[in-house]
Amino acid sequence: MQKPENGGSELSRTLTGLGADSVPDRADGAWYRYWHGFLTSGGRTTEECPDYLRITLLNLAGAASVVVWTLSLFLVFLGPLEATLERVILDLAGLLVSIGIIVSLRLGAPVVVVAQAAHGFLFLALLSLAIIRVDNPLMLALPLVYPAMAFLLLDDIRRGIAGTLLMTAVLNIAISAGLGPATRDSATLFGGALTVTTGMGFQAVVVALYVHHRKRVMSRLRAVSEQLAILASRDPLTGLYNRRSFIRDLQRELSRRERDERQLALLLFDVDRFKAYNDRFGHPQGDRLLKRLADVAREVFCRGEDVAFRLGGEEFAVIFRTEDSTQAADMADRLLTIIEDLGEPAPAGPNASLTVSAGLCLVDGESQSTASQVYNRADEALYHAKKLGRARWICVSC
1 MQKPENGGSE
11 LSRTLTGLGA
21 DSVPDRADGA
31 WYRYWHGFLT
41 SGGRTTEECP
51 DYLRITLLNL
61 AGAASVVVWT
71 LSLFLVFLGP
81 LEATLERVIL
91 DLAGLLVSIG
101 IIVSLRLGAP
111 VVVVAQAAHG
121 FLFLALLSLA
131 IIRVDNPLML
141 ALPLVYPAMA
151 FLLLDDIRRG
161 IAGTLLMTAV
171 LNIAISAGLG
181 PATRDSATLF
191 GGALTVTTGM
201 GFQAVVVALY
211 VHHRKRVMSR
221 LRAVSEQLAI
231 LASRDPLTGL
241 YNRRSFIRDL
251 QRELSRRERD
261 ERQLALLLFD
271 VDRFKAYNDR
281 FGHPQGDRLL
291 KRLADVAREV
301 FCRGEDVAFR
311 LGGEEFAVIF
321 RTEDSTQAAD
331 MADRLLTIIE
341 DLGEPAPAGP
351 NASLTVSAGL
361 CLVDGESQST
371 ASQVYNRADE
381 ALYHAKKLGR
391 ARWICVSC
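Under full-length UniProt numbering, residues 1 to 398 are what the sequence shown spells out, in order.
Just so you know, the hints here were simulated from the structure itself, not pulled from any lab data. Just so it is clear, the structure is predicted and the values come from calculations on it, not from any experiment. Check before you lean on any hint, since a few could be wrong.
As the list claims (entries may be wrong) - FRET-style restraints, in silico, Cβ to Cβ:
hint, residue 1, residue 2, range
1, Arg-288, Tyr-210, 47 to 57 Å
2, Arg-248, Ile-99, 36 to 46 Å
3, Gly-43, Thr-326, 45 to 55 Å
4, Ile-157, Glu-86, 26 to 36 Å
5, Glu-226, Asp-324, 30 to 40 Å
6, Glu-305, Leu-228, 18 to 28 Å
7, Leu-166, Cys-302, 52 to 62 Å
8, Pro-345, Ile-230, 31 to 41 Å
9, Ala-141, Gln-227, 43 to 53 Å
10, Trp-35, Thr-195, 32 to 42 Å
Note that CB positions come from ideal geometry on N, CA and C, so glycine has one too.
Given these sequences and hints, build the entire structure.
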């Protein structure tokens, strides 16, 4: 049997080129890269990440707040705004908190903690502004922005509703107590309270519906993404992991070889004269045979860390850890023996029952071999086993 012209070499080229930088350069300019890096905290999040909205919102709100608090301080020191101690303290606190939010996200602080801290300061700052500037009607209207920010920052409907109710109650108490602009009669007082309550309640309902819908959509997207990931990593016929998973897992295992004292082993095996079997019994029967071989591979390599793959056609692979070469040899012998004991007829030999040939490559912990080199060594051993008459395995080291 000749070696396939494209299979092994194609996989080897894939393994060799996987480390190359294949990310295309963006042509959006320096401004786009800077702005995108700022909103995502230096690339910490992507649009597929569940926290993408909160991180970008925190950075955007933080940047806007830095501008607002800085401008307010300048106006206080220059004279247009009254320089009261309460105002200066609030402006300085707002500036420091806004900068802290941006910096902490960039340094990797937990998003939930940063969002809760931002929400707490937002709540206190809006109430403080309304109380400090009781003579300005616009200051009592400023807390109306709270519900939308609260729901988006907390990403929790119950806590957002609780915060909105508390904010509404405090504002209504302030209006009823006459802390706001002077009211001439009860009708004006009632109208102000009704306006605040309606505005806060409407926002809360709209944003709560948005958050609820977004959570459901994100949950469905995650479920679909997980299913697609499974489909993309599995061979549809046998249920084993596929070639894409093989490349990823082999590189992962090689990257941790120094942390595991056991040898890393790669076993490649394929069916002897499989084309003759297919020609004699048909492709449906050939597919059933491949499924049986996959079951045998799962039976022999049944430890949690053992991973079996179907690389394509009748070629399979197993990545596993072994204490020594003797244990690896026992597992290879057992695999070949069980497959031959299945009793599947072999129209073109080499034995009466169908057999497989295998190449086993053992990787020492001190080895600096790449994934491509390990695969090539195992593939060469498999080819050598074929040349020696099939129905056997050959062991090499790397």
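A quick look at each hint next to the structure:
no. : hint                            : result
1   : Arg-288 <-> Tyr-210: 47 to 57 Å : holds, 51 Å
2   : Arg-248 <-> Ile-99: 36 to 46 Å  : holds, 40 Å
3   : Gly-43 <-> Thr-326: 45 to 55 Å  : holds, 48 Å
4   : Ile-157 <-> Glu-86: 26 to 36 Å  : holds, 34 Å
5   : Glu-226 <-> Asp-324: 30 to 40 Å : holds, 38 Å
6   : Glu-305 <-> Leu-228: 18 to 28 Å : holds, 25 Å
7   : Leu-166 <-> Cys-302: 52 to 62 Å : holds, 57 Å
8   : Pro-345 <-> Ile-230: 31 to 41 Å : holds, 35 Å
9   : Ala-141 <-> Gln-227: 43 to 53 Å : holds, 48 Å
10  : Trp-35 <-> Thr-195: 32 to 42 Å  : holds, 37 Å
Violated hints: none; the structure is consistent with every hint.
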